[in-house]
Amino acid sequence: MVGFHKPATLAEALALLADEDARPLSGGQTLVPMLNQGVVQPSLIVSLGRLRELRGITRLAGGAVRIGAMATHAEIATSTLFEAGQTLMPRTAVQIADPAVRAAGTIGGSCAFGDPTADWPVTLCACGALIELASAAGRREVPATDFFQHYLQTELQTGELVTAVTIPPLAGRGVYRKFARVYGDNATVSVAVILDVDVDVAVEAGRCRFVRLAVGSVGPRPIRLTAVEDSLVGRMLDAAAAEAAGAALAAEADPLDDLRGSAAYKRRILPRLVQRTLLEGINP
Amino acid sequence: MIDITLKVNGSEQACRVDGMTTLLTVLREQLLLTGSKRGCDYGICGACSVLADGRLARSCLLLAADCEDRAITTIEGVAEPDRLTDLQQALVDAGAVQCGFCTPGIVLALEALLDVDPKPDETAVRTALGGNLCRCSGYGAIVDAALKVAHG
Amino acid sequence: MAEFETVGQSVPRLAGAEKVSGRVAYLDDIQRAGLLHGALLLSPHPHARIRRIDTTAARAAPGVRCVLTGADFPHRYGGFVRDEVVLAHERVRYAGEPVAAIAAATLEQARQAIALIEVDYEELDAVTDVDAALAPGAVRVHEDFERYGRRNIAPLPPNVCAHTLLSEGDADAAFAGCDVVIEGEFRTPAQVHAYLEPCSALAEVEAGGKITVWSACQSVFRVQATLSEVLGMPMSRIRAIATPVGGSFGGKSDVTVQPLAAMMALRTRRPVKLVLTRHEEFLMMRTRHPARIRIRTGAMRDGTLVARSVHLTLDGGAYTEDSPAVLGFALLMARGPYRIAHLRCEGLAVYTHRLRAAGFRGYGNPQVSFAGESQIDDIAARLGMDPVELRLKNCVVAGDTWVGGQRIEAAGLRECLMAVRDAAARRPTVEVRPGYRRGIGFSAVAHICGILSTSAIVRVLEDGSVTLNTGAVDLGEGAETVLAQICAETLKLPLDRINVAPADTDGSPYNWSTGGSRTTYMVGRAVAQATVDARDKLLTHAGQMLECSATDLELRSGGRVGLVGVPGMEVSFHAISQRAHWVAGGPVIAHAAVMFEGGGFDPKRTLLSGNGIGRLGAFIFGAQAFEVEIDEATGQAAVTRAWSAHDVGRAINPAGVNGQIIGGVVQGIGYALYEELVQEGGASTNPNLADYKVPGAMDVPRIVPIIVEHPEPSGPFGAKGVGEPPIIGVAPAIGNAIRALTGVRLCTLPFSPQRVLDALEPPA
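Chains as they are written, first to last, in the numbering used here: chain A, 417 to 700; chain B, 4 to 155; chain C, 199 to 962.
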């Protein structure tokens, strides 16, 4: 027998979740398949469905966007509150799985699960997002790059919930490129780019004013190298520079041999996909 | 066990579930609405699709106890009794119905699409079907039926 | 002017309205008072001895009504080799093999009780691929093989359950005289049927002891016969009924869970329903035979194909089942649809400690065609010939013979090849993005639709409408509708006056199975014959009523019989049938029984040894073309356009034919690009639909079906089958496009991005 509660307040929810045999339920797109297959057997399911404070997307003074943990991928995909480089967010959301999953799955649930082959981890790292966690002891914020630690391992402690994700103001525009076997699959390799360039169409290049670059599904956590980003700022960003950036990331990559391809294959295609995504950022 | 009340196809239904009972199980076994099918219990095949507050949802991934505040529409509630929607008729006319097991889920996916986008193009139709597997038809006639309803 | 009233029309599928509104009851939708629910325990090991099974705790668990183990199924069964048991005896031979079954009041109770069963396994070394199985000194999957009952008792090497050799002419000598000889080795994976409806059965025992089993199946007769063997009961005490089937493609042609449900019903004397989970499907149910095909083709400089030799190794998994039939059929088709005089085709079906392999749409033909049609393009490239021209030069036409000597009566293959070639040539040009390449590949397809026996009963009801009983099961491909159309057309009745009775061994006359692309052709022939006989009986009755000779009478549309040339002189079917029932003659009942008697092997022409090959024929042909786009950065290949032309003799229901073509092509795209059940050491690494990728709507383009009609003299209204051919030529055509784009012949399916990238950029 598995118990079920749907508390009205966050405090109640956190109190219930202090028991490590309790599981929070947000969109259910990850938890419920695991329940159906018998992979997890909690004693209690705590639905977050009544917690209004976890819902909604708001634009803050200063231009950051605060996304409630229970915001669905579909809500993020259609939100008009993301501007400039923050558009990486809706561009990522629209490529997650399929319409039914997007309608129900939540960004909080995705973060908490911590699958590095999923789409939010790599994009949130590129955005420099802050993940807000709450527990009975209070709240804290963790940068996405620290939050996603290993395969299905995050900074979340027992009794903690993801309550919000905040996207800082970001210049330029965002591009998310996901290379997958078929539509809706998790990525074989994913690339998240935020890019602000002075475009010179004649040479198909642009002087880079601001860049964020992260790659996913090629290791236990998304890979973002601020040294690579810093080296690109102020330079002309052309095909060669883009490929070099990709090669640097590939050198850090530690992908697995799996159904989607061998580690060698993923390392081989990573620089090309990075190059392609950066060039798309320059020349949409 | 928990007593819950679900709103399904416009009427209130009393059910008894535990925490991990899915909506699909309640629909099929307690409410005897067997039009939603169990194809994988994993959220991939789409044969269990329903509408939750008008949005496409996988009933095999919804916990029944979590659905008390939602209006659920199953395939049985898509049309008036003994009638077919234009889309349903179009699917029959287009030869898009083969074994029929995926068909209820496909109907719901396309009804959900046409509700927000009455004139989708082929890409939008195929995207809307992205979470529904059909192993018999190869999708061709299904897409034709949706485009016919949308554009005549 | 329409020649026919319903034949040739895309009449809507029978039960279509019910299916779109969710009102069709598939097996799992059936409820029964007092129903028990079944659950299974599957072996986690590919090969192990069962030292001990302790079911004590399970038997005592709440709601449990019976627990079965291997001891409850003493009879071995199997159509070709009696090597199989319903529940493992003291040995498990594949990970996923069922070891125990429980029936309980609720499904949860059954599953909870399953978890209480203790099995003490002694793990044993396993052979998990054919090379390991065939290695000298390999562990034997069936140590007692020589003691099993077998249809063919010729001795076989260890771990081989079937061997067949087929040869014509003298291939070895002929190769020596060829200007060009190409050799290759091809490999194909385990493809999962992935029908949407999991295998399921419901069994119920009457007070008198007769058992009824409802199930999703391709043949109620096969279910009945196998249950008879397994339960040790005569067929007269067993009734098998087919519920509407949610897809099958060969995966439900053999028994699945019917024996388990049946035994649980017999033990408990309660109705029992057993439905597999999708996970259990992946572990316990069957796949297409993984294959290795070694092939040589020889030709002359002018493009004449002279010789072909094929060596085929099929991985049949842990039990023989239909592997000998798949083997034989594959070898029969391995020549391809060409006039090749010198042929040597040999093959083995091998035991491994893996899940069972079964017939799957194409039945061995996709594997050999992948190899054969790939090699045809290699020959063309070597000769500098256009690959379609090479095929046109050599392809069979009406009047030619197949391997064995059977005459091909009608063959629209040339027309199919030209149709896809012309369609591909007419495609609008599209600017290909930088970093991508696009190209076209072709293939030719041959298959059969005539095999084994079938029958039909036509009964004219008291009001002049008709009930049609056949043993055909509609799997979704539209059999019911087509058969109704044949009957309706023959009697000039509207379609809604034909009642197609569901397949039920109590009421249906025998049909071997729905499969083998045979329903329209074989069952359709029986329906046509029986309906003609019914018509003749109606005319005879009418002649008596109108006091004239039956030969002066004609059928009139809408269920009437009238005197030729005299419009007012007629009687209705209603009136005829009333008279037959109440006055004279007795009810109008007609029947026909048909056996496919073509096929066979002329011993002066063909050497055939080993397990042999059954009598097959009524050849069906097709040709396919695929435009493939490759991403040079990743190697990902996608089909951007597709054309699939099939000679169906006559399309009785064109929409139905188109549905089979498009559906089959998409399954073929899955086989070519995405699908592979991956195993390591006998354990599947992707036993779910998230990791085993079946094509979705976004992964495939519009498929263009092209119907070609060269009427088959022996077919109903000239019709032949189309169920399987659309899947058969897809993989080689895509491989041919990839070869044209990269210069490299990919010999292993699926064409994953990694394999294609290695072709584009060969590793150092």
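Among the clues, some could well be false.
[As the list claims (entries may be wrong)] Straight line, CA to CA, 20 Å or less: simulated SDA-like cross-link-like pairs of lysine to any residue: (1) A/Lys422 to B/Thr88; (2) B/Lys122 to C/Met896; (3) A/Lys422 to B/Pro121; (4) A/Lys422 to B/Glu125; (5) C/Lys690 to C/Pro210; (6) A/Lys422 to B/Arg73; (7) A/Lys422 to B/Asp96; (8) B/Lys151 to C/Ser208; (9) B/Lys151 to C/Asp734; (10) A/Lys422 to B/Asp6; (11) C/Lys690 to C/Pro632; (12) B/Lys151 to C/Pro210; (13) A/Lys422 to B/Ile5; (14) C/Lys690 to C/Phe202; (15) B/Lys10 to B/Arg58; (16) B/Lys10 to A/Arg466.
Keep in mind that the hints were calculated from the coordinates and are not lab data.
Hint-by-hint comparison with the structure:
1. With a C-alpha separation of about 36 Å, the suggested pair lysine 422 of chain A and threonine 88 of chain B falls outside the 20 Å cut-off, and the hint is violated.
2. As the CA atoms of lysine 122 of chain B and methionine 896 of chain C are separated by approximately 18 Å, the hinted pair is consistent with the 20 Å bound.
3. Between lysine 422 of chain A and proline 121 of chain B the alpha-carbon distance is near 36 Å, which puts this suggested pair outside the 20 Å criterion.
4. A hinted pair counts as satisfied when its Cα atoms are at most 20 Å apart, and lysine 422 of chain A with glutamate 125 of chain B does not qualify at roughly 41 Å.
5. A distance of roughly 18 Å separates the Cα atoms of lysine 690 of chain C and proline 210 of chain C; the hinted pair therefore holds under the 20 Å criterion.
6. Annotation: proposed proximity of lysine 422 of chain A to arginine 73 of chain B holds, straight-line Cα distance about 14 Å (limit 20 Å).
7. Among the hinted pairs, lysine 422 of chain A with aspartate 96 of chain B is inconsistent with the structure: their alpha-carbon atoms are about 45 Å apart, more than 20 Å.
8. Of the pairs offered as hints, the one joining lysine 151 of chain B and serine 208 of chain C holds, with about 17 Å between alpha carbons and a cut-off of 20 Å not exceeded.
9. For a cut-off of 20 Å, the pair hint linking lysine 151 of chain B to aspartate 734 of chain C is broken: about 44 Å separates their Cα positions.
10. Restraint check: the Cα-Cα separation between lysine 422 of chain A and aspartate 6 of chain B comes to about 13 Å, which is no more than 20 Å; the hinted pair holds.
11. Using a Cα cut-off of 20 Å, the hinted pair lysine 690 of chain C and proline 632 of chain C is violated, with the two alpha carbons roughly 59 Å apart.
12. At roughly 16 Å between alpha-carbon atoms, lysine 151 of chain B and proline 210 of chain C fall within 20 Å of each other, so this suggested pair holds.
13. At most 20 Å may separate the alpha-carbon atoms for a hinted pair to count; lysine 422 of chain A and isoleucine 5 of chain B meet this at roughly 12 Å.
14. A threshold of 20 Å between alpha carbons decides the hint, and for lysine 690 of chain C with phenylalanine 202 of chain C the separation of about 9 Å falls inside it, so the pair holds.
15. The suggested pairing of lysine 10 of chain B with arginine 58 of chain B holds, with an alpha-carbon distance near 15 Å, which does not exceed 20 Å.
16. Restraint check: the Cα-Cα separation between lysine 10 of chain B and arginine 466 of chain A comes to about 17 Å, which is no more than 20 Å; the hinted pair holds.
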